[in-house]
Amino acid sequence: MNNVHIEYKINPKLDTIIEKNISDILYSVARQCLDMSYPITPRLSGKMSNTSMASGVTDISDKEKTIGNYTNYASAVWKKNAQRTKWTTPGTTSHWFDETMKTKGAVILQNATTKEKL
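As numbered in my numbering, residues 4 to 121 make up the sequence shown, in order.
Treat the hints as calculated values from the structure; they're not laboratory data. We treat Cβ as the ideally placed atom computed from N, Cα and C, and that holds for glycine. Everything hinted at is true.
For lysine-lysine, the following DSSO-like pairs were computed, each having C-alpha atoms within a straight-line distance of at most 30 Å:
{"hint": "1", "residue 1": "Lys-105", "residue 2": "Lys-50"}
{"hint": "2", "residue 1": "Lys-107", "residue 2": "Lys-16"}
{"hint": "3", "residue 1": "Lys-105", "residue 2": "Lys-83"}
{"hint": "4", "residue 1": "Lys-68", "residue 2": "Lys-16"}
{"hint": "5", "residue 1": "Lys-23", "residue 2": "Lys-107"}
{"hint": "6", "residue 1": "Lys-16", "residue 2": "Lys-66"}
Okay, the calculated beta carbon distance ranges per label pair:
{"hint": "7", "residue 1": "Glu-67", "residue 2": "Pro-93", "range": "32 to 38 Å"}
{"hint": "8", "residue 1": "Thr-88", "residue 2": "Thr-54", "range": "15 to 21 Å"}
{"hint": "9", "residue 1": "Lys-50", "residue 2": "Pro-93", "range": "17 to 23 Å"}
{"hint": "10", "residue 1": "Pro-42", "residue 2": "Lys-16", "range": "34 to 40 Å"}
Make the full structure from the sequences, and use the hints.
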């Protein structure tokens, strides 16, 4: 499956606060994206969505986290054309992580950077 790269502009006044808490913020963004993607992850048997949830968020470093799907066929599903594919479960789509960040990214980022978390 391809990596999804997400980039946001940060207010320079918050840069020091963000930098100090970057690991927690990135974990929160990744976890929320994973959780919110569950309903739109294709599921014929449920294996793909369950594997994503079971794998959770993996720490690469303080400034890099990863989520993914580790079934042997996830990348084939990811490459499908969402509009041309007849999904077995209504509302599911290819590029489930991308779609979640596109539709809910602002809320996810706001949740991850609330004053209580910083």
